[in-house]
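S.K.: If you want the building blocks of each chain, they are given just below.
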Amino acid sequence: MTKKNVWIAGLATPVMIAMLLLFAGSPSVRANDQPAATNAEVKIDNFSFGPETLTVPVGTTVTWTNQDDIPHTVVSTDGVFKSKVRDTDEKFSYTFAKAGTYPYYCSVHPKMTGKVVVQ
Amino acid sequence: MTDKKQDLIDQNLQDLNNDGVDRRGFLKCMAWAGTGLVWTLGGGIPVSRAFAKSHGKDAGKGGDFSFVQISDSHIGFNKPANPDVTVTLQTAINKINVMPHKPDFIIHTGDLSQLSKPSEFDTLDQVLKGASARQIYFVPGEHDMLTDNGEQYLQRYGKGTKGTGWFSFDHKGVHFVGLVNVANLKAGGMGSLGHEQLEWLEADLKGRSASTPIVLFAHIPLWTIYPDWGWGTDDSEQALSYLKRFGSVTVLNGHIHQVMQKIEGKVSFHTAMSTAFPQPAPGTAPSAGPMKVPADQLQRVLGITDVNYLVSGRSLAIVDSPLADSSSAASGSGRGLAVVDSTVG
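Which chain is which? The protein sequence lines are E and Z, in order.
Be aware that the first sequence starts at 69, since it is given in my numbering, and climbs by one per residue.
Be aware that the second sequence starts at 80, since it is given in my numbering, and climbs by one per residue.
To be clear, the hints were calculated from the coordinates, so they are not data collected in a lab.
A couple of the hints might just be wrong.
[Stated by the list, open to error] For lysine to any residue, the following SDA-like pairs were computed, each having C-alpha atoms within a straight-line distance of at most 20 angstroms: (1) E:Lys183 / Z:Met178; (2) Z:Lys181 / Z:His250; (3) Z:Lys345 / Z:Gly368; (4) E:Lys150 / Z:Lys323; (5) Z:Lys323 / Z:Ser288; (6) E:Lys152 / E:Gln187; (7) E:Lys111 / Z:Gly368; (8) E:Lys183 / E:Thr129; (9) E:Lys159 / E:Asp137; (10) Z:Lys158 / E:Lys150; (11) E:Lys152 / Z:Pro306; (12) E:Lys179 / Z:Trp302; (13) Z:Lys238 / Z:Gly252; (14) Z:Lys251 / Z:Trp302; (15) E:Lys179 / Z:Lys208; (16) E:Lys179 / Z:Lys345; (17) E:Lys179 / Z:Asp249; (18) Z:Lys265 / E:Glu158; (19) E:Lys152 / E:Val126; (20) Z:Lys208 / Z:Gln234; (21) E:Lys179 / Z:Lys181; (22) E:Lys152 / Z:Lys181; (23) E:Lys159 / Z:Leu194; (24) Z:Lys158 / E:Thr131; (25) Z:Lys265 / E:Pro171; (26) Z:Lys158 / E:Pro171; (27) Z:Lys208 / Z:Gln169; (28) Z:Lys158 / Z:Pro306; (29) Z:Lys251 / Z:Asn173; (30) Z:Lys241 / Z:Lys208.
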C-alpha cells in the first residue's frame with residue numbers, strides 16, 4: 069500500500085462510519101437493500117372500509133381500526149388473512165410480503181368489502 | 080316529517096276503514112317504533128285497523144294460544160345508544176310475565192349476545208330464567224357466531240338442531256320452522272341459507288297439509304328490505320317457493336331493530352324491535368349502526384312481539400302495538416295469528 073492510499077483509507081473510514089450512522093438513524097432505509105418497511109391505515113367506519121381500495125408497496129403493514137359501535141372482521145376473500153372479531157377501537161394488522169391484489173370483506177356484514185393492492 | 084306530508088298520509092289512510100282511530104297519533108307512534116297497527120287477513124285480503132282494547136278476547140278457546148317473539152338483545156353492548164341492555168331485556172321479560180294471557184313459549188330471533196362471549200350468554204341465560212314461559216326457542220344472529228363458527232351457540236341453544244342450528248317443531252296444529260341465515264356469509268352478499276338448509280326445508284315441508292299454518296323464523300329478514308345495508312337473504316326466494324302451496328305463512332325476523340311488515344299473497348312478513356337499541360330506517364343514516372335517542376325515549380323504541388293464534392275462524396290477524404301502552408291488545412276473530420309488537424317502556 070502506498071502512502072497516498074493509506075491517506076484515502078484513513079479519510080474514507082470516518083466518512084463510511086458517519087454514513088452508516090446516518091442510515092441507521094433513518095427508519096426508511098436499511099443497509100441490506102430490503103424494500104422500505106412502511107405502514108398504512110384503513111379505518112372501519114359507518115359499516116365501510118376507508119379507503120375501500122388501498123395501494124401500497126410490498127412489505128407494507130396495513131392496520132385496520134374499527135371505529136364503529138358494532139364489531140367487524142377483516143377477512144381475505146382468498147383466505148390469505150383473517151382477523152378475530154374486532155370490537156370498537158380494536159385493531160388488526162397484516163404485513164403484505166408479496167405483490168398482488170387482496171380483496172377482503174367483513175364476515176359479519178358481508179356487504180362491507182375492500183381491497184389492498186400491493187405493488 | 081313535515082305537517083304537510085303528515086296530512087297527506089293522514090288523508091290517504093283516513094278512509095281505509097271506519098274504526099275511529101286517531102291516525103295522526105298512530106303514525107307518530109309508527110314513525111319507526113312501527114307500533115299500533117293491526118293487520119287482519121280476511122280471506123287473504125289484509126286490512127289494517129287499530130288494535131282493540133279487548134286483549135285476547137278470543138284467546139282461551141280450545142286450541143288458541145299465543146307466543147312471544149323477542150329479538151336482538153345484544154347482551155354485552157354498552158355504548159351510548161343503550162348502556163344497559165341487560166336491564167331492557169329484563170324489562171321485556173317482566174312485560175311478558177304480566178301478560179293477561181300466558182304465552183306458551185318464547186322465540187328469540189337472534190343476536191342474543193354482542194360478541195359471542197360466554198359471559199354474555201351467561202347473563203342472557205340468567206335473565207331468561209326469570210321468564211314465566213319455560214320453553215324458549217332460538218335461532219342465531221351473526222353476533223352469536225363471531226367465534227368458533229357458532230360452536231358455543233350450538234352447545235348452549237342449538238341442542239338437537241341440524242347444521243348451524245335450524246330445526247322445526249309442531250305446536251297445537253301450527254308448524255314452526257327456525258332457519259339460520261347468518262352462517263358462512265359470502266363477500267358482497269346478504270344473509271344466506273345455503274344449499275343444505277334449503278334441501279332440509281323442502282323435505283321438512285313435504286307431505287304437510289296445505290292447510291297447516293306455518294310460522295317461519297330467522298334472524299335476518301327473509302325478504303329484501305334494503306340490500307345496501309344487507310337487509311335481506313340472498314336465497315330466501317328459494318325457501319319461500321317451498322311455501323307457496325300453504326294457505327297461511329307467517330315469517331318472523333329480527334336484525335333490523337324496527338318493525339316492518341309486508342304481505343305478499345298468503346305470506347305475511349314481520350320484523351321485530353330489539354330489546355337493546357334501535358336502528359335507523361333504511362337509507363336515513365350513513366349506516367345501520369345503533370341509533371342514539373334521548374334516554375327517556377329509548378324504551379319507546381324497544382319491544383317485544385306478541386303472536387296470537389286463534390283457531391275459531393278462518394282469518395289471520397297480525398297485530399302490532401306498543402308495550403308502552405299497557406292496554407295494547409291483539410284481537411281477531413278467526414283462525415289465525417295475531418302479532419303484537421310492544422315497546423318496553
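S.K.: Now look at each hint and say whether the structure bears it out.
M.R.: Now the hints, each set against the structure:
Proposed proximity of lysine 183 of chain E and methionine 178 of chain Z is contradicted: the alpha carbons are some 51 angstroms apart, above 20 angstroms. Of the supplied pair hints, the one linking lysine 181 of chain Z and histidine 250 of chain Z holds, its CA atoms being roughly 15 angstroms apart against a limit of 20 angstroms. With a C-alpha separation of about 33 angstroms, the suggested pair lysine 345 of chain Z and glycine 368 of chain Z falls outside the 20 angstroms cut-off, and the hint is violated. Note on lysine 150 of chain E and lysine 323 of chain Z: the hinted pairing is violated, with a Cα-Cα distance of about 40 angstroms set against a maximum of 20 angstroms.
The straight-line distance between the Cα atoms of lysine 323 of chain Z and serine 288 of chain Z is roughly 12 angstroms, inside the 20 angstroms bound, and the hint therefore holds. About 26 angstroms separates the Cα atoms of lysine 152 of chain E and glutamine 187 of chain E, which puts this hinted pair outside 20 angstroms; it is violated. For the hint pairing lysine 111 of chain E with glycine 368 of chain Z, the CA-to-CA distance comes to about 15 angstroms; that is within 20 angstroms, so the pair holds. Distance hint between lysine 183 of chain E and threonine 129 of chain E is fulfilled; the C-alpha atoms sit about 14 angstroms from each other, no more than 20 angstroms.
Between lysine 159 of chain E and aspartate 137 of chain E the alpha-carbon distance is near 14 angstroms, which keeps this suggested pair within the 20 angstroms criterion. Simply put, lysine 158 of chain Z and lysine 150 of chain E have alpha-carbon atoms about 26 angstroms apart, too far for the 20 angstroms limit, and the pair is violated. Pair hint lysine 152 of chain E plus proline 306 of chain Z does not hold up; C-alpha atoms about 26 angstroms apart against a cutoff of 20 angstroms. The suggested pairing of lysine 179 of chain E with tryptophan 302 of chain Z holds, with an alpha-carbon distance near 16 angstroms, which does not exceed 20 angstroms.
Restraint check: the Cα-Cα separation between lysine 238 of chain Z and glycine 252 of chain Z comes to about 23 angstroms, which exceeds 20 angstroms; the hinted pair is violated. At roughly 27 angstroms between alpha-carbon atoms, lysine 251 of chain Z and tryptophan 302 of chain Z are farther apart than 20 angstroms, so this suggested pair is violated. For the proposed pair lysine 179 of chain E and lysine 208 of chain Z, the alpha carbon gap of about 36 angstroms is over 20 angstroms, so the pair is violated. Of the supplied pair hints, the one linking lysine 179 of chain E and lysine 345 of chain Z is violated, its CA atoms being roughly 30 angstroms apart against a limit of 20 angstroms.
The straight-line distance between the Cα atoms of lysine 179 of chain E and aspartate 249 of chain Z is roughly 35 angstroms, outside the 20 angstroms bound, and the hint therefore fails. The suggested pairing of lysine 265 of chain Z with glutamate 158 of chain E is violated, with an alpha-carbon distance near 23 angstroms, which exceeds 20 angstroms. Our distance criterion of 20 angstroms between C-alpha atoms is broken by lysine 152 of chain E and valine 126 of chain E, whose separation comes to about 24 angstroms. Of the pairs offered as hints, the one joining lysine 208 of chain Z and glutamine 234 of chain Z holds, with about 17 angstroms between alpha carbons and a cut-off of 20 angstroms not exceeded.
Among the hinted pairs, lysine 179 of chain E with lysine 181 of chain Z is inconsistent with the structure: their alpha-carbon atoms are about 40 angstroms apart, more than 20 angstroms. A threshold of 20 angstroms between alpha carbons decides the hint, and for lysine 152 of chain E with lysine 181 of chain Z the separation of about 42 angstroms lies outside it, so the pair is violated. For the hint linking lysine 159 of chain E to leucine 194 of chain Z, the alpha-carbon distance of about 16 angstroms falls within 20 angstroms, and the restraint holds. In summary, the hint linking lysine 158 of chain Z to threonine 131 of chain E is not supported, as the alpha carbons are separated by about 24 angstroms, beyond the 20 angstroms threshold.
Note on lysine 265 of chain Z and proline 171 of chain E: the hinted pairing holds, with a Cα-Cα distance of about 12 angstroms set against a maximum of 20 angstroms. This hinted pair does not check out: lysine 158 of chain Z and proline 171 of chain E have alpha carbons roughly 31 angstroms apart, beyond 20 angstroms. The straight-line distance between the Cα atoms of lysine 208 of chain Z and glutamine 169 of chain Z is roughly 10 angstroms, inside the 20 angstroms bound, and the hint therefore holds. Distance restraint check for lysine 158 of chain Z and proline 306 of chain Z: the Cα-Cα separation of roughly 26 angstroms exceeds the 20 angstroms cut-off, and the hinted pair is therefore not satisfied.
Using a Cα cut-off of 20 angstroms, the hinted pair lysine 251 of chain Z and asparagine 173 of chain Z is violated, with the two alpha carbons roughly 26 angstroms apart. For the suggested pair lysine 241 of chain Z and lysine 208 of chain Z, the alpha carbons sit about 25 angstroms apart, so the restraint of at most 20 angstroms is broken.
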